[in-house]
Amino acid sequence: MTTGFVCNLPLEDMQRGRGKVRDATITMAHGSGGKAMRDLIHDVFLGAFNNPLLAPLEDQAVVSLKDLAEGGDRLAFTTDSYVVHPLFFPGGDIGTLAVNGTVNDLAVSGARPLYLSCGVVLEEGLAVETLRRVTMSMRAAADEAGVLIVTGDTKVVERGSADKLFINTAGIGVIPAGVNISASRAQAGDKVIVNGYLGDHGCAILLARNELALETDVLTDCQPLHDLVRTMLKVCPDIHCLRDATRGGLATVANEFAQSSRVAIRLNEAALPLRESVRGACEILGLDPLYLANEGKLVAIVPAANAESLVETMRAHPAGREAAIVGDVMAAPSGIVMLNTGFGGGRIVDLLVGEQLPRIC
Amino acid sequence: MKYVDEFRDPVKAQTLLKEIRQLVERIEICRHRPLQIMEVCGGHTHSIFRYGLQQMLPPEIEFVHGPGCPVCVLPMGRVDDCIALAQIPGAIFTTFGDAMRVPGSKKSLLQAKAEGADVRMVYSPLDALKLAHENPQREVIFFGLGFETTMPSTALTVLQAKAEGVRNFSLFCNHITIIPTIKAILDSPDLHLDGFLGPGHVSMVIGTAPYDFIARHYRRPIVVAGFEPLDILHSIWMVLKQLAEGRCEVENQYARIVSDEGNSLSLAAVNEVYELREFFEWRGLGSIDHSGVRMREGFAAWDAERKFAVPNLKIADPKSCQCGEVLKGVIKPRECKVFGTACTPETPLGALMVSSEGACAAYYNFGRIDISGLTQSLAERRAAA
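Residue numbers (the working numbering), protein chains in the order written: chain D, 97 to 457; chain C, 1147 to 1531.
Just so you know, these hints were derived from the structure itself, not from any lab. Backbone N, C-alpha and C define an ideal beta-carbon position, used for all residues, glycine too. One or more hints might be untrue.
[Claimed, not checked] Here are some, though not all, of the chain C residues that point toward chain D, as calculated from beta-carbon distances under 8 angstroms:
no., residue
1, R1154
2, A1159
3, T1161
4, G1198
5, Q1201
6, M1202
7, P1491
[Unchecked claim] Restraint ranges, calculated between C-beta atoms of paired labels, are given here:
no., chain 1, residue 1, chain 2, residue 2, range
8, D, P333, C, K1148, 41 to 49 angstroms
9, C, E1280, D, E225, 22 to 30 angstroms
10, C, T1487, D, G167, 44 to 52 angstroms
11, D, E225, C, A1447, 45 to 53 angstroms
12, D, K251, C, Q1257, 24 to 32 angstroms
13, D, E404, C, T1161, 30 to 38 angstroms
14, C, G1236, D, E225, 31 to 39 angstroms
15, C, G1236, D, A428, 39 to 47 angstroms
16, C, Q1257, D, V331, 47 to 55 angstroms
17, D, S177, C, L1459, 37 to 45 angstroms
Start from the sequences, fold in the hints, and give me the full structure.
See the structure below:
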């Protein structure tokens, strides 16, 4: 039950039609290390991800250091696990999340993302077709992001021990020389920039669960950000801070920056890019869009002198069409994020304690 | 966004603020002390903090955050009862979201859920009834909570369960009523309120007539207010105008939603299902006569209190908590001994720290009146903690 993708079946055998999964659902046998698992790996995973680094199916992918060193002088390395309910939602699925999420974690360091791993935990009884759909989405997302999925692992757990399908992806990328992005570099006077509409992903997931009897046309914003970041670095090599605003949204990233850099951040409510439909859903449910999750949004802190031209450049990129300056950095009070409300008042934007819970009335 | 942005217009806000400042000049009390205006409803507290209204108003106007946050006034013993019900084998316990984190004497519903109780968040009592249909072998209990705002929806759900003959659905009724509570606050000797913002959504159900005694007997102005920031500023302006002109009346700012006579269909459903309790225990405020309702005898089959052995233990509030004084406006949240130190949103001692409508959580999360002063002091508290 606990063997990896590793399998010695030569590629030609697969091409001769051997190693097809014939079961409709995942069983414990698919994690047992035997034939069923070999077939699953060849048919579903290698079938979707096939590339020269993965194809030998060794215990590890082997990457040339020389090739890596040509792209920069530091390696970026990250990992993230993906658990989402439902697995498929408007505009994406757990597979697109698992690729783009890790690609973006690399991208916001300024790195060029190169290779991903893919570890899956499958619940006994999962439809093989579901897994196929997800791996095909992962392949499509990897192609779009220009990364290869080069190693992996499969586990099957008994029904009830996991919720259908969990994915972990780790990723490596190379950071070009001279790029120095860190959450601790925000300085008084800097500007805060986002690359577009906030909260789409959180809103799409909430509504896809179908518990609210609300309907909107909001899609997840799941997208790779590495090319946008590359474009941004061309215009402004001295980006101070950069993070993708996933769980906890803009509010959480702003708090992380304020605390790491020991500065205050002042957001401007009127400048926040928000879709009407997301605002509407938040109004009805009593949620704050500042805390809603995104899967294709970054928050950048940049020197004021570069801010306007950077936003202009971002708006010319498909991943940054609604980019906007949404706030600024002040010296004090250290570690605090504030919001100037569109109504003319002000308030603190703190970290969430737990999940946002809808209000009674 | 239509029907929202109109009520958040910063230009209109400035116009109102200018008039509010002029009225303050005309009010005699303001020369000696700040005016104290209680917003009864937690929804108003939330809006006041969310839009930073206090810092926009002149310092002569102070908000006193009233008892109208249903999860805040829920005593710990009742939360313990909820957990006992949720732990009945086979039961599905359903609740509105923000009741999940309220601390009981040992744990919250959220913790009980993590330990294995089947606690589910729903958005409407009808969702709970639907769960009962879908799980005929299991008892589905709904945690009925809130003032007259939510009472009609639970009453109508019980009526529907009865009509459909659903036997595996019951309501744990913890509804409370607003009028006896306001009266108890007005009778409190340590309180000096100058006027009220009346609850908007409660009034949508009960109308404005039940507030007459506040104006007539207690000689205080009350303005039933909407929840958008302009609604609240407009209502403050109306209260001040009454004070400046020496009037004490019940006025209705929220006329687009609230009628003087209330909603007769809702009231009929409420009266059919519920009757007043002799008294009800409030967190921080103690026992208030006739301030809660229970289900009538005829609905015993859907009444979780009659159907199951609810422990109904009285648990004293933690000694260090000054929730009662905060609820009555005697002290500000930050003046409480444990605010921001022992009692934070992560580790709430008092329920006022739990819900975003609770005065303490709102102070902690959204900031104090003067944002520069506030943020500094909050930062200092955290540094010290």
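Evaluation of the provided hints:
1. R1154: Holds, because the Cβ-Cβ distance from R1154 of chain C to chain D comes to roughly 5 angstroms (cut-off 8 angstroms).
2. A1159: holds, 5 angstroms
3. T1161: violated, 12 angstroms
4. G1198: holds, 2 angstroms
5. Q1201: holds, 6 angstroms
6. M1202: Result: holds, 5 angstroms to nearest chain D Cβ.
7. P1491: Interface hint status for P1491 of chain C: holds (4 angstroms vs cutoff 8 angstroms).
8. D:P333 x C:K1148: 41 to 49 angstroms: Check passed, 44 angstroms falls within 41 to 49 angstroms.
9. C:E1280 x D:E225: 22 to 30 angstroms: holds, 26 angstroms
10. C:T1487 x D:G167: 44 to 52 angstroms: holds, 50 angstroms
11. D:E225 x C:A1447: 45 to 53 angstroms: Given about 46 angstroms between the Cβ atoms, the range holds.
12. D:K251 x C:Q1257: 24 to 32 angstroms: This hint holds: roughly 29 angstroms between Cβ atoms.
13. D:E404 x C:T1161: 30 to 38 angstroms: Holds, since E404 of chain D and T1161 of chain C (Cβ atoms, about 33 angstroms apart) stay within the stated range.
14. C:G1236 x D:E225: 31 to 39 angstroms: holds, 35 angstroms
15. C:G1236 x D:A428: 39 to 47 angstroms: violated, 56 angstroms
16. C:Q1257 x D:V331: 47 to 55 angstroms: holds, 49 angstroms
17. D:S177 x C:L1459: 37 to 45 angstroms: Given about 42 angstroms between the Cβ atoms, the range holds.
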